[in-house]
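With the hints as your guide, set chains B, C and D onto chain A.
First to last, the protein sequences are chains A, B, C and D.
Just so you know, we're using the working numbering here: the first sequence kicks off at 106 and counts up by one.
Just so you know, we're using the working numbering here: the second sequence kicks off at 106 and counts up by one.
Just so you know, we're using the working numbering here: the third sequence kicks off at 106 and counts up by one.
Just so you know, we're using the working numbering here: the fourth sequence kicks off at 106 and counts up by one.
A few of these clues could be false.
Any copy will do: because identical chains look the same in the list, a pair fits if it lies in one copy or spans two.
Stated by the list, open to error - As a list, the in silico DSBU-like pairs of lysine-lysine whose alpha-carbon atoms are at most 30 angstroms apart:
id: 1; residue 1: K157; residue 2: K331
id: 2; residue 1: K422; residue 2: K277
id: 3; residue 1: K422; residue 2: K217
id: 4; residue 1: K331; residue 2: K383
id: 5; residue 1: K217; residue 2: K184
id: 6; residue 1: K331; residue 2: K422
id: 7; residue 1: K184; residue 2: K277
id: 8; residue 1: K184; residue 2: K114
id: 9; residue 1: K157; residue 2: K217
id: 10; residue 1: K114; residue 2: K157
Hint data in this document are derived by calculation from the structure and do not stem from the laboratory.
Number of protein chains: 4
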Amino acid sequence: MAETNRSMKAAVFVEPGRIVLDERPIPEVGPGDALLRVTTTTICGTDVHILKGEYPVARGLVVGHEPVGVIAELGSGVKGYHIGQRVIAGAITPCGQCYSCLGGRQAQCGGKPMGGWRLGNTINGCQAEYVLIPDAMANLAPIPDELTDEQVLMCPDIMSTGFAGAERGGIKIGDTVAIFAQGPIGLCATVGARLCGATRIIGVDGVPERLAMSRMLGADVVINYKECDPVEAILEATDGQGVDVAIEALGTQETFENGLRVLRPGGTLSSLGVYSGKLTLPLDAFAAGLGDHRVITTLCPGGKERLRRLMNVLAGKRADLRPLVTHRFPLDRIEDAYELFANQRDGVLKVAITP
Amino acid sequence: MAETNRSMKAAVFVEPGRIVLDERPIPEVGPGDALLRVTTTTICGTDVHILKGEYPVARGLVVGHEPVGVIAELGSGVKGYHIGQRVIAGAITPCGQCYSCLGGRQAQCGGKPMGGWRLGNTINGCQAEYVLIPDAMANLAPIPDELTDEQVLMCPDIMSTGFAGAERGGIKIGDTVAIFAQGPIGLCATVGARLCGATRIIGVDGVPERLAMSRMLGADVVINYKECDPVEAILEATDGQGVDVAIEALGTQETFENGLRVLRPGGTLSSLGVYSGKLTLPLDAFAAGLGDHRVITTLCPGGKERLRRLMNVLAGKRADLRPLVTHRFPLDRIEDAYELFANQRDGVLKVAITP
Amino acid sequence: MAETNRSMKAAVFVEPGRIVLDERPIPEVGPGDALLRVTTTTICGTDVHILKGEYPVARGLVVGHEPVGVIAELGSGVKGYHIGQRVIAGAITPCGQCYSCLGGRQAQCGGKPMGGWRLGNTINGCQAEYVLIPDAMANLAPIPDELTDEQVLMCPDIMSTGFAGAERGGIKIGDTVAIFAQGPIGLCATVGARLCGATRIIGVDGVPERLAMSRMLGADVVINYKECDPVEAILEATDGQGVDVAIEALGTQETFENGLRVLRPGGTLSSLGVYSGKLTLPLDAFAAGLGDHRVITTLCPGGKERLRRLMNVLAGKRADLRPLVTHRFPLDRIEDAYELFANQRDGVLKVAITP
Amino acid sequence: MAETNRSMKAAVFVEPGRIVLDERPIPEVGPGDALLRVTTTTICGTDVHILKGEYPVARGLVVGHEPVGVIAELGSGVKGYHIGQRVIAGAITPCGQCYSCLGGRQAQCGGKPMGGWRLGNTINGCQAEYVLIPDAMANLAPIPDELTDEQVLMCPDIMSTGFAGAERGGIKIGDTVAIFAQGPIGLCATVGARLCGATRIIGVDGVPERLAMSRMLGADVVINYKECDPVEAILEATDGQGVDVAIEALGTQETFENGLRVLRPGGTLSSLGVYSGKLTLPLDAFAAGLGDHRVITTLCPGGKERLRRLMNVLAGKRADLRPLVTHRFPLDRIEDAYELFANQRDGVLKVAITP
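If we strip away everything but chain A, and leave its shape as in the complex, we get (with noise of 0.2 angstroms):
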């Protein structure tokens, strides 16, 4: 790298209330890593907590986790890519080589609840103009010539996510599904369950704009839950049977309830939602434990083999989530697009951050 250009700008964690974009130097390249030139990138209702205080990190930690970018610089234990090469990594980057990575659980790497998610967490972010990828050989996807960054902004964190509560709901063919919440997870939940086979999706939420999107997306039915009690309305659109699968995509005990409460004996519960405070669960609907349910939570998956299928997805043609990108910025006005992205003005879903 020109040694004329150390330094970066930054979205940077100052204190509870504060993102600030600053001046960073680019990091150093250790054997494993690798160096990206960041092109664009996003903000997350995770990052949102960690403005807000309610998700602790370090105070002068680069935030954000969603790169898409061109290799800068190349660790000498990294071999198979070349610099100037577009790629993605994702929001959760494995190391592939402990026990938990080995034994398929690579988001909760190294043992530790969700030790997989390093950027913007436990290491800097990708809310800047460079950011470090450890363990690149496992995390560095490279973006089909096809496919432009915004149509694989969604890959590192919410499609991978969103899709994961579906295929780990254990979704198949002639299902029907209900996904609760329709943000950008939730609408990638949807995409999700109609790839795996739901026959019959129900997306349930309380903006307009959103349901709409979620019909777009592949919703069958959508619910306000301003306007009826959305188990009531799913029981009576299911003959009173419930559904196979519920997908729950908020993080709040009455979408996790709901969930519970449409399920049909045997059914599953796939929970994507990061929950504060009491999560309770009803007994009634829950068969006070003999109705064989499943609660199932899951984080974001990564590594390099699930972005490249994902982006599979969409040089298939068989979704394509550009739509949920509402807003741009560039990331010299990323406080900006932190102020609409959290207090969820102007029908913001996802903003793109061009540095």
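For chains B, C and D alone, coordinates are given in the frame of chain A:
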């Protein structure tokens, strides 16, 4: 049932080379049975094997195993249905109560190979005005009002079989899949692969019309094996990596072998064809037994839950298989239909027979 | 059946607090039923809930759901069995022919929560001289000659339930497993965990005799929760890693919560208990929903294939559950048996009742 | 490492028919490697294929892929280990970071058939005083103090392979399993089948000593194929039903075919052998492709998580494979060991080689 109408027309296997329309008594209904008045049925490739004497059945048997009909009479033990109800039953009619069925192997009902295939095989079938469905409680699936007879005509056999090829192959989001032969079952496997989330589907056949249909129903790429070596073409199309899952839908050494030859290490060959003669595993493609391959054979799944799910796919507009019905005949002309279908004349895919 | 013997003794739920031995008519046999002359049965914890009025059943119901007996009469539609044959039936008696059963959810037969539990719940049970088994074809499992009544007495419920806790937990070779509560079901889960390949099994209870039994039946380590904090002890015993699978076998907030607290990220809590009151998920142990955890509840699997497999385990000398039978009573003294069992006096685990 | 000791003794493949002990330079350690001082190793059937020229490797290659040793040197990028630590590595040494590894197909590392098998195949192996382990972070598994070298000597290959035959066969509680050939791998498959819950295990071989060992390690029934037709004998022993899972552990047409011939409809043939020549599927046993059969091949799973689990099995006293070590040689006499092992003289099962 009216006493004045105790005989019916039926297509009967007389001897190799001869299936003829004849008069047969209308079946007596036992406690667990249902009598259907057949409204639509079709001819299967297996029926042609019976016609040619390649698959042995008893002389005098009424053939056919794909019934769409109306309930004409119910056994004393059959609850939850009513006379006049539109229903289908599967080619496979499991009892639901034997060790195999309770163990989830309904197609192998009774623990005998293909034990679940009774209609037109071990008991009289449905190319007739009436057909008796055994174990009716497990096998009668009501047709949703919005679906016509022709829409559900593929459910009893080829849709169930073709989809099962995709399902048992373990296809998941992001997979690349090759399907060898694009006859009716291969085409249904193509649709099924897409519903399971395959993001790259390669259809192989030698008939241009079938390849065109393959594209229409979901293949991304089609290969005419008469114009190039399909193994080379598929390896080239996958950068030498091979496919995650290959589906065999014909029943020949060549398609079976080609399926193995295009598999990536760790891949699955899902086999649907009925083989005759000899079947050899090519050891080079099979990594001499060390490639972590899986070869999985599948007989059409049956039972009303399966049929319910398949009809959900149609009602949910996830697939439309009506284009497979290329020709229509009244039952009176079924001998002509056999002649056409057995010789694959006039671009025939499936025929609809209406008594 | 002999006309001279049309009444029988049976344990009847009269009102909360009262299950009494009474005279009842011997059941009439319908086409799909079998009448068993009960030779041995037992009392379940659930029966105690019924006795106490904690689980509602109709007044006048004959209780009991764990029958070992001899076929006394067969319905006209029941084939493949003979009068005098020794058989068991499960606590859960699925029909095998409804959508749930055909979909592999036999315990939720009919699509209703716990729909497969009929004996001693929605129809008369087996703490009686005779019991009617519905859907006999799906439910009568012949007892191998070499097994005694007492050897197979645990098959209908607690062995099936406990083993299912291990199976549905996905235990595999090399797993570390903790089992909370070592009553009859927890002990069977311990045996099941061992049969599934768990290589480190930790049994938790507060009763020294049960802990001793736990060791005898397969636990490697036992923890008396009255003497130490079981969560701390398990984390210490696993070098802070936690267990792969925790099995809950009691039905309390404490055991459920402790099960979650000892799970490694990506681990599974397999829940067997019947809960009352409120059930809360501890978010810290649950990684706020991001730990890739699974919580799976299981009702006793039924049907003759399940019972056949369980008896294979006994006949193959893979497990010997006879030590669980600590007390024996004639049916005439069943009220005494309830008194002993409900109060867990005298180190009772299970009682054998012989009409 | 001491500069004065830069060469070592190693068993080298010279040409077909000749593996000789020779002097070789001690390997240089790269950033991701570890150098092991080998304390114990063994000879595999595959090494004999190499010796005979039946499996091609480069002339001059150090052979052997089953290392037990002590860490002599660590690459700069290898963390969490220390010099002098007792470890094993697997026959298969996956990188953990390629698409195949991240997709759970570690044995096919790099996407090439058998790509994970590097030691003694594509890089120098461990029948030597020292061996270099690539991707050490993913492959070094510390040996628990309580286990001796000989106790863990089977973990790198035959225990992992044999167990995988049982695991990938999907064996579950109550299954009947037949295992064809009771050499070292077949014996490990027998142990693995028992650990997976098989309740009836039938071992087949032609050598009385191996059948005796089979019984000792877990078979319920043993069949000497020289004394009777094993297919007939197995069908008779299972009342004509056949087995749920057959494991092939030799690599011949006969064992492969017999495995299929004893399967019940819906059963699985789990194949471990290395085949040569031609392999034919017997269509009658295969139900012409309609039997819902599965044929699954498996290469030895590797990686430190796998090894950790296998050593758990030993430490937890679930299996004791020491009886498999029938002969011991110093490395200096490895040529004698090959002579004994290749000719299967003196009842040899496995030899321990100690440098």
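Results for each hint:
| no. | hint | in the structure |
| --- | --- | --- |
| 1 | K157 with K331 | within (27 angstroms within a copy, 42 angstroms between copies) |
| 2 | K422 with K277 | both (21 angstroms within a copy, 16 angstroms between copies) |
| 3 | K422 with K217 | between (36 angstroms within a copy, 28 angstroms between copies) |
| 4 | K331 with K383 | both (23 angstroms within a copy, 27 angstroms between copies) |
| 5 | K217 with K184 | both (28 angstroms within a copy, 17 angstroms between copies) |
| 6 | K331 with K422 | between (34 angstroms within a copy, 28 angstroms between copies) |
| 7 | K184 with K277 | between (38 angstroms within a copy, 29 angstroms between copies) |
| 8 | K184 with K114 | within (28 angstroms within a copy, 32 angstroms between copies) |
| 9 | K157 with K217 | within (24 angstroms within a copy, 44 angstroms between copies) |
| 10 | K114 with K157 | within (22 angstroms within a copy, 64 angstroms between copies) |
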